[in-house]
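*Asks:* Chains L and U, in that order, are what the protein sequence lines are. Letter by letter, the first sequence follows residues 1 to 280 of this note's numbering. Letter by letter, the second sequence follows residues 1 to 225 of this note's numbering.
What the hints contain is simulated information worked out from the structure, not anything from laboratory work. Even glycine gets a Cβ: it sits at the ideal position worked out from N, Cα and C. Some hints could be false.
35 Å max Cα-Cα, derived DSBU-like pairs, lysine-lysine [what the hints assert, rightly or not]:
1. Lys74(U) x Lys186(U)
2. Lys219(L) x Lys168(L)
3. Lys219(L) x Lys36(U)
4. Lys252(L) x Lys219(L)
5. Lys186(U) x Lys36(U)
6. Lys109(U) x Lys64(L)
7. Lys109(U) x Lys7(L)
8. Lys179(U) x Lys112(U)
9. Lys252(L) x Lys109(U)
10. Lys64(L) x Lys112(U)
11. Lys179(U) x Lys252(L)
12. Lys7(L) x Lys64(L)
13. Lys7(L) x Lys179(U)
14. Lys64(L) x Lys179(U)
15. Lys179(U) x Lys36(U)
16. Lys112(U) x Lys7(L)
17. Lys186(U) x Lys252(L)
18. Lys186(U) x Lys112(U)
19. Lys7(L) x Lys74(U)
20. Lys252(L) x Lys112(U)
21. Lys109(U) x Lys36(U)
22. Lys168(L) x Lys112(U)
23. Lys74(U) x Lys64(L)
24. Lys168(L) x Lys252(L)
25. Lys36(U) x Lys65(U)
26. Lys36(U) x Lys168(L)
Output of the computed footprint for chain L on chain U, the stretches with three or more beta carbons under 8 Å from beta carbons of chain L [as the list claims (entries may be wrong)]:
27. 42-53
28. 210-219
Derived contacts from chain U toward chain L, CB cut-off under 7 Å, selection only [as the list claims (entries may be wrong)]:
29. Asn29
30. His72
31. Trp73
32. Lys74
33. Val77
34. Phe81
35. Asn100
36. Ile126
37. Ala129
38. Gln131
39. Asn137
40. Gly151
Here is how the chains run, residue by residue.
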Amino acid sequence: MRIDPGKCVACGNCTYVCPMGAIYIDPAIGRATVNRDECVECYSCFNGLSQEHLNPTLVRTIRKIFHLMRVRFDPEPDVCPTAAFAPEELTWPRVVRRAFSDPRVPHESTGVEGRGTEEVKTNDVSDRVNVGEVGFTVELGRPGVGVWFREIQEMAWELARAGVVFEKRNPVTSLMSDPRTGTIREDILNEKVLSAIIEIKVPVERTEEIVRLVHAVEKRLDTVVSLGVATRCDADGEERTVAPILERLGYKLERAKTNTGLGRITNTANAAHPGEVAAR
Amino acid sequence: MTNTLHRYGDADSFRDDYVVFAMCCRGRNDEGAVPKLRRFLEMALPFNPVNLGDARHGGALRASKSMNPASHWKRDVRPDFRAVIDGLNTLTTAAAVFDNRVAAEDFLKTVKAADLGLSVNISTSIDGAEQCCHEANACRHSVGYSLGFEGRTEHLPSEDVLKLSTMCGHGMVSASFAKKMVDWVKEGRRTPVEAATYMTRFCSCGVFNPSRAKRILEEARTRQK
């Protein structure tokens, strides 16, 4: 993302709305500027700010007069008054930033928007996580901190060393040059994204081991991790297996995403099973 | 959608936060799913949702690309549910957000009776979702627990800000902007409803809960820290 210096009036509204704090008013030019290293191409500024199309010279003049009079004016905080944002044509590898950070862009590998994975949201028809299994979503960078692919790789390496398999239909897995070792292709390691999910599943007996492993690795990373743990319910709709393990580990379970079991296979001819896991 | 899973707060803070969403699985139940997703959203209307969303096109409050100066004084702040329903034209995730359990329960009952064949999930407190399923006589199939945030949590903002910004799990409501809205409400520059409306426009899939945001902002206004 770039900001057209010919249009920007340095109102500062965009400096607050950037999730990465990558926009600042450059005192040398008196215009809003994007720190390209930190920008994750999420398009929150471009999509979230409403746009006016005012004359930049007129707006700057009015702002200067107000400034001289020490008048605090009260513009709407979610508007770019001169529509100064100018999206760039992104090329590889920078385009990866947008794929993982702009939720309106579906991932090519899965066709799913957002972070690009169905997880157990469709488990009632996909059987992605079966009875006796636990699905983990290890989301790095969320909330609002961001993560570099080299950090994602560090987590993936450790998980691979533990002998887990990565979910095949997952955007991070699709960027691994070697899913057996968790190695991510080298040309994107210095790309930063808003967040990314490593997705695995293991037998329920390994739940504690994986939680402890993730906990140990995250201490070495300069970001935050949101951990999700998914499992099947019993035939009566109760879940008696994984919650006790997590509570024993000290987690206070507050929120969950519950698949209500209303889905069913309705396609006339089924394609390949979407929940396949990379062979290892 | 992990987008709604990792909202910050304890179970009680989700008493006015029920996200019910539908999606299909490619190759399994995606044939003819677009009209079903639209119908899912349509069925939510009688239960007074506080937001509706389509993950591809956005929620019921959206940014405008063609504002004019006069619109500052006469800005449309009403959610446009019809635009969300009519605009859903591709396979995506459709979400309805409610601020009370009874509405979510009644909506789930209606969805179950319609037998759309889509996967339907509820994201809220664990007890809240259990009660909704119980009332709707829906047998829970799977559950995904949030274990919260770990790692370098010193990078995270204050609790009030985190409660607001994590209501867009995609991260489109920045912590800085949420903090600014808390400050503006404290200063009396905007009402909690206005501040919640600004934030809602940034959520690109329509799952931000403006009703819960209003409550959080009201509580933050009088908090000392």
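*Asks:* Does each hint fit the structure? Answer for all of them.
*Replies:* Checked hints:
Between Lys74(U) and Lys186(U) the CA atoms are separated by roughly 23 Å; this keeps the pair inside 35 Å, and the hint holds. In summary, the hint linking Lys219(L) to Lys168(L) is supported, as the alpha carbons are separated by about 27 Å, within the 35 Å threshold. Between Lys219(L) and Lys36(U) the alpha-carbon distance is near 45 Å, which puts this suggested pair outside the 35 Å criterion. The straight-line distance between the Cα atoms of Lys252(L) and Lys219(L) is roughly 20 Å, inside the 35 Å bound, and the hint therefore holds.
The straight-line distance between the Cα atoms of Lys186(U) and Lys36(U) is roughly 43 Å, outside the 35 Å bound, and the hint therefore fails. Taking the CA atoms of Lys109(U) and Lys64(L), the gap is near 59 Å; set against the 35 Å cutoff, the hint is violated. The suggested pairing of Lys109(U) with Lys7(L) is violated, with an alpha-carbon distance near 52 Å, which exceeds 35 Å. For the hint pairing Lys179(U) with Lys112(U), the CA-to-CA distance comes to about 40 Å; that exceeds 35 Å, so the pair is violated.
For the hint pairing Lys252(L) with Lys109(U), the CA-to-CA distance comes to about 29 Å; that is within 35 Å, so the pair holds. A hinted pair counts as satisfied when its Cα atoms are at most 35 Å apart, and Lys64(L) with Lys112(U) does not qualify at roughly 60 Å. Restraint check for Lys179(U) and Lys252(L): the C-alpha separation of about 27 Å stays at or below 35 Å, so the hint holds. For the given pair, Lys7(L) sits about 16 Å from Lys64(L) by alpha-carbon distance, which is consistent with the 35 Å threshold.
Of the pairs offered as hints, the one joining Lys7(L) and Lys179(U) holds, with about 27 Å between alpha carbons and a cut-off of 35 Å not exceeded. For a cut-off of 35 Å, the pair hint linking Lys64(L) to Lys179(U) stands: about 27 Å separates their Cα positions. Of the supplied pair hints, the one linking Lys179(U) and Lys36(U) is violated, its CA atoms being roughly 38 Å apart against a limit of 35 Å. Distance restraint check for Lys112(U) and Lys7(L): the Cα-Cα separation of roughly 52 Å exceeds the 35 Å cut-off, and the hinted pair is therefore not satisfied.
Distance check on the hinted pair: Lys186(U) and Lys252(L) sit about 32 Å apart at the alpha-carbon level, within 35 Å; holds. Between Lys186(U) and Lys112(U), the direct Cα distance comes to roughly 43 Å. Violation of the 35 Å bound is thereby established for this hinted pair. Annotation: proposed proximity of Lys7(L) to Lys74(U) holds, straight-line Cα distance about 25 Å (limit 35 Å). Our distance criterion of 35 Å between C-alpha atoms is met by Lys252(L) and Lys112(U), whose separation comes to about 31 Å.
Of the supplied pair hints, the one linking Lys109(U) and Lys36(U) holds, its CA atoms being roughly 16 Å apart against a limit of 35 Å. For the proposed pair Lys168(L) and Lys112(U), the alpha carbon gap of about 31 Å is at most 35 Å, so the pair holds. For the proposed pair Lys74(U) and Lys64(L), the alpha carbon gap of about 26 Å is at most 35 Å, so the pair holds. Among the hinted pairs, Lys168(L) with Lys252(L) is consistent with the structure: their alpha-carbon atoms are about 30 Å apart, no more than 35 Å.
At roughly 30 Å between alpha-carbon atoms, Lys36(U) and Lys65(U) fall within 35 Å of each other, so this suggested pair holds. Taking the CA atoms of Lys36(U) and Lys168(L), the gap is about 28 Å. The hint holds against a cut of 35 Å. With 0 residues carrying a beta carbon less than 8 Å from a beta carbon of chain L, the segment 42-53 of chain U misses the three-residue requirement, and the given coverage is violated. With a threshold of 8 Å between beta carbons, the proposed coverage of the segment 210-219 of chain U by chain L is violated, since 0 of its residues qualify and at least three are required.
The beta carbon of Asn29(U) comes within 4 Å of a beta carbon in chain L, closer than 7 Å, and the hint placing it at the interface holds. Annotation: interface hint on His72(U) holds; nearest CB of chain L at approximately 6 Å, less than 7 Å. Restraint check, Trp73(U) versus chain L: the minimum CB separation of about 10 Å is more than 7 Å; hint violated. Checking Lys74(U) against chain L: minimum C-beta separation of about 12 Å lies over 7 Å; hint violated.
Because the closest C-beta pair between Val77(U) and chain L is about 11 Å apart, greater than 7 Å, the hint is violated. The beta carbon of Phe81(U) is not positioned within 7 Å of any beta carbon in chain L (closest approach about 20 Å), and the interface hint is therefore violated. For Asn100(U), the suggested interface contact is broken, since its CB lies about 17 Å from the closest CB of chain L, more than 7 Å. A distance limit of 7 Å between C-beta atoms decides the matter here; for Ile126(U) the minimum to chain L is near 5 Å, and the interface restraint holds.
At a threshold of 7 Å, the smallest CB-CB gap from Ala129(U) to chain L is about 4 Å, leaving the interface hint in force. Hint on Gln131(U) is violated. Least Cβ distance to chain L is approximately 11 Å, over the 7 Å limit. Hint status for Asn137(U): violated, given a least beta-carbon distance of 10 Å to chain L, over 7 Å. Hint status for Gly151(U): holds, given a least beta-carbon distance of 4 Å to chain L, under 7 Å.
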